[in-house]
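Residue numbers (the working numbering), protein chains in the order written: chain Z, 1 to 143; chain E, 144 to 671.
You may find that some hints are simply not true.
List time: in silico DSS-like cross-link candidates among lysine-lysine, alpha-carbon distance up to 27 Å [claimed, not checked]: (1) Z:Lys-105 with Z:Lys-7; (2) E:Lys-472 with E:Lys-487; (3) Z:Lys-119 with E:Lys-487; (4) Z:Lys-119 with E:Lys-478; (5) Z:Lys-68 with Z:Lys-129; (6) Z:Lys-105 with Z:Lys-129; (7) Z:Lys-2 with Z:Lys-129; (8) E:Lys-485 with E:Lys-172; (9) E:Lys-231 with E:Lys-285; (10) E:Lys-478 with E:Lys-494; (11) E:Lys-480 with Z:Lys-119; (12) E:Lys-485 with Z:Lys-68; (13) E:Lys-183 with E:Lys-268; (14) Z:Lys-7 with Z:Lys-142; (15) E:Lys-232 with E:Lys-620; (16) E:Lys-472 with Z:Lys-119; (17) E:Lys-285 with E:Lys-232; (18) Z:Lys-119 with E:Lys-485.
Computed Cβ-Cβ distance ranges for the label pairs, DEER-style [claimed, not checked]: (19) E:Glu-262 with Z:Val-128: 42 to 52 Å; (20) Z:Pro-45 with E:Ala-451: 27 to 37 Å; (21) E:Asp-148 with Z:Pro-114: 23 to 33 Å; (22) E:Lys-232 with Z:Asp-125: 33 to 43 Å; (23) Z:Trp-3 with E:Arg-597: 57 to 67 Å; (24) E:Gln-516 with Z:Ser-133: 34 to 44 Å; (25) E:Pro-244 with Z:Lys-142: 23 to 33 Å; (26) E:Asn-552 with Z:Glu-76: 52 to 62 Å; (27) Z:Trp-10 with E:Glu-274: 48 to 58 Å; (28) E:Glu-450 with Z:Lys-129: 17 to 27 Å.
None of these hints come from the bench; they were simulated from the model. Here a beta-carbon is modelled for each residue, glycine too, at the ideal position from N, C-alpha and C.
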Amino acid sequence: MKWARLKSPWVLHFNSGACNACDIEVVALLTPRYDVERFGILLEPSPRHADILLTTGVVTRQCADRLKRIYEQMPEPKFVIAIGACACSGGVFEGNYNVIGGVDKVIPVDVYIPGCPPKPEAIIDGVVKLLKSIEGGEQSGKR
Amino acid sequence: MASADKILKALSDSLGKRIIQTRTLQPGKSYIQVQTGAHKDAVRIVLQEDNEAGVSAITGVDLGETIELMYHIRTCDTIITIGAEVPKKDAKIESITDIFPGANFHEREVSDLFGVTFEGHPNPKRLILPEDWPENVFPLRKEVSVANIPSKIGNFGVSKDEKHVSSEERLVNIVLGPQHPALIEPEKFSLRVDGEIVRGVEPRIGYVHRGIEKAAESRTYLQDIYLVERICGICNACHAACFCQTVEAIMGVSVPPRARYLRTIILELNRIHSHMLLLGHAGLEIGYETLFHYMWRDRELIMDIMEALTGNRVIASFITIGGVRRDLKEEDVPKIKAELTKLKERLSFYKNLFESDSTLKMRTRNVGVLSKQDALKLGVVGPVARGSGVNMDVRRDEPYAAYNEIPFNVITYDEGDSWARLMVRLDEVGESVNIIQYALDHLPTGPYRVRVPRTVPTGEAIGRVEAPRGELFYYVKSNGTAYPERVKVRTPTFANILSFVHIAEGGNVADVPASFVSLDPCFSCTDR
């Protein structure tokens, strides 16, 4: 099981209030120059099939419930990667009236990738770091 | 052909004493303050005088005891603003949706953020604020401070989404979003379908609303540049350019020629990358994944140029008040030119593909048709309007940066279907490449920025920029300090999203993603 997860992690992307900059870099990952599918990383449309949740952007009031619900729909073991300054801490939007803050205010986060937006290489690096820590047994993904 | 002076004369002739005052916001932009109640007649007169006019935005400003509502009308290559004040305690005004249906969302937004009731509005539901937002708290009113709004921490999990149960028989509700494979961004569309045919669409936006207009009031002008860039990561340079232009208009600063050319280059790079992103995404939505990968591979050429010019791939942080922040290095110019030539070769391949490929034709021709008449009525902008034969482009109508010195064509198609909207974008990429090549060949020497003071004199101004998705509109009011009094942003998708309801109705469910993506919706822009 662990072997399969390391060789082919399926990821789900959810934008909970991002400005699209991180999102287009996540999509760029799938396209020919970066092509993460060669590592077995597959973008999955349904939370029920995903191992890793890639979240971008701050969490807005309207999106918070939805983010929580998507996280709860994912089967265990599950992991969360926060992409970009906003998802890590709130970024420039911290303190706005409709903003709750970083993703870790709502769901637990395993890997933080800073940057505004992080380059695709940095996102790949973050995913690899997560896979290494799963391999080493530091992260079980059990909640 | 109507002219702005003729319209102003018609306004003063018919309204007479109901006009309280007339002044000029900035050269060529008039402001007419009318009595409450006369605003609708004023808008009607402008629409009658110029049949291509449309309400570009409705701005609310908190003046203390009253709320000022400004109807910015796009007409005759400029903006005429009609203002009316309503008392804060009893904020009510007549809706203009019956004479201009495109004002629908503008009024709902003002109603959410300022608590103004628009009497006679067909669907006065909440649009931008979350469902669980406290009643009678209107965030853009000055007395509302962010610290006093009850926080939400710890109450997650109970979804207060609207319930979608249809009472009508035969019709089935299909909810698209907020998390859906066809949408990268979280928004919700409730489709009411009869078998395979869509009978009604109810959009619910506001999932990405971050309250940027309020946040801009508590940051300095310099900080605001970085804030408004993050309204939208895709067209970030357009937001920065529009904000800086508007502030420069209040300050009376003129930007050095080299900076104007460099701004043009970054704005066009932004347009190319945004259009290619969309054309690729359209390929994905119609089940043509190869096109998606081809487009995004070629788009990386532009990302490389952006990185060479600004240091960043996506968020440029390039434009600032008084010029640009970095100069173009001489040794980068041949490299940029070589990559543009490469891109141009690929464009002729795509052009051929879009004109001859049967898959593309079947999925986009005669799908989601928007007639010219409807386009004008709904007030759509940018490639959506140009795909329906409406000839408008801010770059030509009201030149900014260096567009008055650079030759280019405005692309229009008359078909009004999804295919036409995609073709407009494809041809515009070619035009943008030409503009950049011309700008590189004719780049003036000299300084690339001027230093400006941190405080901005009292005043107000309007700025317009042709973003990849259409006319981007800014209104900035200054109170003489380093912090703006009000920053209003009307993004292109906010003007375009109403047309989705129109083109989806009566169409096939399977065509919804294809016609939706041809509008190039950007919800981080829409919600702010």
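Violated constraints from the hint list, given by number and in increasing order: Those not satisfied are hints 1, 8, 12, 19, 21, 22, 24, 25, 27.
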